[in-house]
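Trainee: So the chains spell out like this:
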Amino acid sequence: MKRLTLVLAALLLASPALAVPPAECQLAQHLLDHVFPLPHTARAIADKKLTVLVVGAGSSRLPGPKGPQVAYPARLKIALTELLPGVAVKVATDVTRHRTAAAMVKSMKAALAASKPALVIWQTGTVDAMQAVDPDQFSDTLEEGIVMARTAAADVILVNAQYSPRTESMIALGTYADDMRWVALQHEVPLFNRFEIMRAWADFGTFDFTSAKDKLAMAGRVHACIGWLLANLVTEAVKPGEPQTEGAR
Amino acid sequence: MVKALAPVSTERDLRLDLFRGLALWLIFLDHIPSNAVSWITIRNYGFSDATEIFVFISGYTAAFVYGRAMEQHGFIVAGARVLKRAWQIYVAHVFLFAVYLAEIAYVAHSFDNPLYTEEMGVLNFLANPDVTIIQALLLKFKPVNMDVLPLYIVLLAWFPPALWLLRRAPTTALIASMTFYALSLRFGWNIPAWPKGMWVFNPFAWQFLFVFGAWCALGGAQRIKPFVDSAVVRWLALAYLAFAFSIVMTWYFPYLATFVPKIVSDVIYPISKTNLDVLRILHFLSLAIITVWFVPRSWAGLKSKLFWPAIVCGQHSLETFCLGVFLSFAGHFVFTEVSNRLPMQVAISIAGIVIMVGAAALVSWYKNTERRGPRPPAAMPATAGGGAP
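Chains as they are written, first to last, in this note's numbering: chain A, 1 to 249; chain B, 1 to 389.
Please keep in mind that the hints were generated in silico from the structure rather than gathered at the bench.
Note that beta-carbon positions come from the ideal geometry of N, C-alpha and C, so glycine has one too.
One should not assume that every hint holds.
Unchecked claim - Covered stretches of chain A, going by a simulated chain B footprint (3 or more residues, C-beta under 8 Å):
| id | stretch |
| --- | --- |
| 1 | 32-41 |
| 2 | 50-59 |
| 3 | 75-88 |
| 4 | 102-111 |
| 5 | 131-143 |
| 6 | 171-179 |
| 7 | 213-219 |
Unchecked claim - Selected chain A positions facing chain B (Cβ under 7 Å, derived; list incomplete):
| id | residue |
| --- | --- |
| 8 | L62 |
| 9 | P63 |
| 10 | T126 |
| 11 | E168 |
Claimed, not checked - DEER-style ranges, computed between Cβ atoms:
| id | chain 1 | residue 1 | chain 2 | residue 2 | range |
| --- | --- | --- | --- | --- | --- |
| 12 | A | P39 | B | D112 | 41 to 47 Å |
| 13 | B | K196 | A | D214 | 32 to 38 Å |
| 14 | A | A212 | B | P129 | 43 to 49 Å |
| 15 | A | K215 | B | W299 | 54 to 60 Å |
| 16 | B | K303 | A | A212 | 48 to 54 Å |
| 17 | B | I134 | A | T96 | 29 to 35 Å |
| 18 | A | D214 | B | L236 | 18 to 24 Å |
| 19 | A | Q137 | B | V264 | 48 to 54 Å |
| 20 | A | T96 | B | Y366 | 32 to 38 Å |
| 21 | B | L362 | A | Q29 | 44 to 50 Å |
| 22 | A | Q137 | B | T291 | 54 to 60 Å |
| 23 | B | S246 | A | P22 | 35 to 41 Å |
| 24 | B | W189 | A | Q29 | 51 to 57 Å |
| 25 | A | P63 | B | V248 | 24 to 30 Å |
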């Protein structure tokens, strides 16, 4: 069992990623909102050098020694490299478990200065919901982080909580998901609706998040899809306005 | 007793039962986490949701039933009845909490998934069941979606003096309630929750809707009738509903958001449910105005078989509500343990409503039998249909 898991994980890593993305990822592609422009990112892509900073908490990583390689930040790098030929893609991470949005904002300035990203992908909401942070304060913190990233010449994509069927009756995500949506709309920031995307997978049986089988392999596939979809959101969002010279493969 | 406002009519307004029954169904659908069928519920098309309907109608019927008791038996007796009702609801809440604990203890023990290392932290509270249970008994620890009954308990606990004032000086009472609402928003009053945070439904804010419902029942509805029936108000209500609908659509289709001026979004967000945002009240009032326009009290459809299932649920609202909470736990359990594919979601949603209707019909039958029972019917107090709210 364990060996099979390892083999699967190795296969995932070895596969030259995602020239043609897995159908299971594409299923959720219509849920991507690429309405709002990402001007800094577009400029970086035009300059052939894109640095992305992923800021997140426990759901932006996977456990185990192979975790960092199979979690979505690493998959995002692979997918972006694939989708943006000729662009040097770097993905920096500032991911630590159990962090609220406020804790992330605290370390954001240093992380921004260290990696100088053109794009910040900010996953948050879960820990705030678990700790019942005051929703108004949560909104203010999101705004603060967005302004901070923009001041440092970076665009922002917000990533909301993941769909976790077993804890749904224990973590009241609703308010925090609403607040993220509203702040995203107010600041014209794309929201990567991870919750709805994963729910769509559950609705149609693409992934069974309650299954007890092959959990590690499934987690890797889920993160691979999230990485690919995030990359897709980026490349779609920079399309209008910026001439895409390297469209042809 | 001094001259008091009498309830407007002796016959119960079936519209109250109908819409409370519908609200109970919607609350059930909304309470099953990630239930695709909840797309049909009103919260997806405007600012307010079924909770507003439930609280308003509960205030209305509470004033109707206990207002009469206060008129006939005085403040003490009516107040005791209200508190007895609050106690019943407390017991129901504790029962539901026990069911909830059983469910999550089961769900938790088979839960270790590398995707969810973060979320698993929420199970820590199971490590100290003593503290958790005591905090639950104090109504400070409230599981997800178990916030309505504690709100109801607090509202009823305060209701005897509120009803007393409403009967003597309804306008004063309404203004006092409104002032209290405004002050709670201004100064951030709420009841603390455990382990952190505040009550999800701030009773200091939500009391306004309950008192407003009660005020309407005690003659207020007659007083604002010309206003509610005026064409201008109806069109304003329609316009507001259209506005709310278009804003809500931008949440699902962000490309529409580019049509919303920044000044509008800066003013409206965030729309707090905890503190019963003014936008939510206005949305509920608009819905109510349009509803009473299309569904007059004398509407023949209210007596038809088609609406009977909702009406019977609305007439036994506490039983139906509690059953709905229980069924939403059960539904979530089926989703996690059996399947949460779309067909299952539809099946669970329909089955839940059918069970609610069946149970309400049973309660109705039982109460009627009791009423006729071995004693002569005259021995029973003449209540205007249905149980207490």
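Trainee: Hint by hint, note whether the structure agrees.
Mentor: Status of the hints after comparison with the structure:
no.: 1; hint: 32-41; result: holds (count 3)
no.: 2; hint: 50-59; result: holds (count 3)
no.: 3; hint: 75-88; result: violated (count 0)
no.: 4; hint: 102-111; result: violated (count 0)
no.: 5; hint: 131-143; result: holds (count 7)
no.: 6; hint: 171-179; result: holds (count 5)
no.: 7; hint: 213-219; result: holds (count 4)
no.: 8; hint: L62; result: holds, 5 Å
no.: 9; hint: P63; result: holds, 5 Å
no.: 10; hint: T126; result: holds, 6 Å
no.: 11; hint: E168; result: holds, 3 Å
no.: 12; hint: P39(A) <-> D112(B): 41 to 47 Å; result: holds, 43 Å
no.: 13; hint: K196(B) <-> D214(A): 32 to 38 Å; result: holds, 36 Å
no.: 14; hint: A212(A) <-> P129(B): 43 to 49 Å; result: violated, 25 Å
no.: 15; hint: K215(A) <-> W299(B): 54 to 60 Å; result: holds, 55 Å
no.: 16; hint: K303(B) <-> A212(A): 48 to 54 Å; result: holds, 52 Å
no.: 17; hint: I134(B) <-> T96(A): 29 to 35 Å; result: holds, 33 Å
no.: 18; hint: D214(A) <-> L236(B): 18 to 24 Å; result: violated, 57 Å
no.: 19; hint: Q137(A) <-> V264(B): 48 to 54 Å; result: violated, 23 Å
no.: 20; hint: T96(A) <-> Y366(B): 32 to 38 Å; result: violated, 57 Å
no.: 21; hint: L362(B) <-> Q29(A): 44 to 50 Å; result: holds, 48 Å
no.: 22; hint: Q137(A) <-> T291(B): 54 to 60 Å; result: violated, 36 Å
no.: 23; hint: S246(B) <-> P22(A): 35 to 41 Å; result: holds, 36 Å
no.: 24; hint: W189(B) <-> Q29(A): 51 to 57 Å; result: violated, 46 Å
no.: 25; hint: P63(A) <-> V248(B): 24 to 30 Å; result: violated, 38 Å
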